[in-house]
Amino acid sequence: MNFDMLAMQAFTGLSVFTILMLMALGLAIVFGLMGVINMAHGELMAMGAYTTYGTAVLFETYFPRFMDAYFVVGIVFAFCITFVFGFLLERGLIQFLYKRPLDTMLATWGLSLILQQIYRQFINAKEVEVPTVSWLQGTWQATETVSFPLSRIFIIGLAVVTGAAVYMLLYKTRWGLRIRAVTQNRSISGAVGINTTKVDAFTFALGCGLAGIAGSSFTMLASTGPVTGQAYIVDTFIVVVFGGVESLLGTIASAFIMGQMQSWFEYFMSGSMARASILLLVIVVLYFRPNGLFATKVRR
Amino acid sequence: MANRDLWGLLSRYGVVLLAILILLVLPLSLGIFRLGLLAKYLSLAFCAVGIVLIWGYGGILSLGQGVFFGLGSYMMAMFLKLERAAEADSSTSALSTFFGQAGLPDFMSWNSVEALPWWWEPFHHVWFTITAILILPPLLAFILAYVNFRRRVGEVYFSIITLSLSAIMAIVIVGQQGYTGGINGITDFKTFMGIDLDQDNAKIVMYYITAGLLIACVLVGQFILRSRLGKVLVAIRDREDRVRFSGYDPALFKAFIFAVAALFSSIGGAMFTMQIGLASPSLVGIVPSIEMVIYAAVGGRLSLVGAVYGSLLVGYGKTFFSENFVQYWLYMIGALFIVIVMFLPGGLASLMEKLRPGKSAKNAQAPIANELKPETR
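Keeping their order, the protein sequence lines are chains A and B.
If you're matching positions, the first sequence starts at 17 in my numbering and goes up one per residue.
If you're matching positions, the second sequence starts at 4 in my numbering and goes up one per residue.
Think of the hints as simulated: they come from the structure by calculation, not from any bench.
Note that CB positions come from ideal geometry on N, CA and C, so glycine has one too.
Hints should not be assumed to be uniformly reliable.
[Unchecked claim] Taking lysine-lysine pairs in the DSS-like style, the calculated list, with each CA pair at most 25 Å apart, reads:
1. B:LYS321 with A:LYS142
2. B:LYS206 with B:LYS43
3. B:LYS206 with B:LYS193
4. A:LYS214 with A:LYS188
5. B:LYS357 with A:LYS115
6. A:LYS115 with B:LYS234
7. B:LYS43 with B:LYS321
8. B:LYS43 with B:LYS234
9. A:LYS115 with A:LYS188
[To be verified] Simulated restraints, written as ranges between beta carbons of each label pair:
10. A:VAL301 with B:GLY250: 28 to 36 Å
11. A:ASN140 with B:VAL290: 53 to 61 Å
12. B:ASP241 with A:ILE134: 57 to 65 Å
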């Protein structure tokens, strides 16, 4: 294996990482911070992807001149729509289930089935694809033999920006402070005058919005179908659990490790067996570190 | 007054009523085709009964019962397939000699696997197969659960671990097509120890065996719950730390009950394969594993008998809706998940309790685990 091979392999790992990280960021907030097991997270990603697809169709019909800009608009739309949906979901369903995490799992699984059927019935039963905007077509020729697709580089950039934005929001703003307070102890936060209802709804909606961004970004890599979300949900949960549920940094690190593992394992065995071995490896690691790799030390 | 007696009878003799229903009423009133469907739901009900034990009384939500169901199912299928292959060999040997290896299951020949893998070998013997079905899955479940609970892997994490296990199992089965039949599963076998499974008589006998075993599982479950072991289990569910401080090892109890549930699932899987005639990866993955939980939830997560009714109801609902209005089935089952969790956490069994006239605190079912729990965060 020469250097070029190595670089390509690492880059593949990097792009798997960014996808995993974008998917897991939202879940890290919803599951890690709020303790809600949202099995419909995958369907929210699909919702983001479908929104991007819708934006593409919209631009194609009404503003074909600005077609180049649609993808950016699509990401914003995807965030907004999943954000609003998440807000309504929290108000309508999740807020009643905060003390029963295992039940959130069942209820949101039901929701995911309903969403899947809605996609199948009202959007398209087959997979849909979005056109790649002209400035993301092509590759960047790093050296004579090594080249990286522009769309993947864009997603890496998007992941960095999103990750930084979430970090800033959580740790550098008043809102972030309130979110962290409420997620640590809901009743005491309420007692010191934080509007916990509002913060809960906002936090959940934010997590869903991030799922929308993730969905939007992987329209660049693959087509979207009604069951796309289901295919990602286990990986997403595993990333969050593996990293240590309460740690945002842990989520990012575990996405990185799993991305690289996926890329390297696939070099030696088939894609599906690579996935199976990684899942198995994660279970073993969880045995040694039950609270994940980067668990913060708390007394329970 | 007569009314009150009826409800009392219903809860006291729930198992007897269930036995009358599935051993007498249903088989006598259904044709052979419907009976086959019923057998399918009953096979899945084994998992639901196990889930009541581990989830309702143990407080552990397993999203991996499909794994144990699948293990039982595949081990039985391996035996049946080998018998089929040996039989085909003796009657029409030309084809099998043409494909090279004699006595090899057909899908292996198609995938150019040349020799029977060593772990298929013991499944030539029926007693080995049955022993393996009864011992391997519970053993695996016990080890898995014990090491995890020993390390105090929390309930949610354990759910996610079981979830990934079912994902792994489905991935491996589909990926290793040459050894497992891949996405098609293991199909096309006919006889069990020389008995033609396709015959009506055999089907009816198989049905009665399944229903009988299911009733036996419910009784075993009831026995466990009524014993002191069951009391410890409920105590662990409600306040694990206090039980630990009292000198018990909660991990051992939880692992034991998890193994019992795995045993039930495995038996269900084996019976499923004998009757439906296939072992398929579509029954071991995440989706079926979660569906098994809804069977238990619909019937009532605290009611062993309820779990069987839940399986029958959801199973029939699925067949009915997919025969008549295909596209509404997912809406229906999705709504069912949400409604049960939101409004009826105790399932149909708790609805019975609510409807019961003149109920008193003494008669009320044990409350739902999670509602009792102190807020942990």
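Taking the earlier hints as the rules, which of them does this structure contradict? 8, 9, 11 and 12
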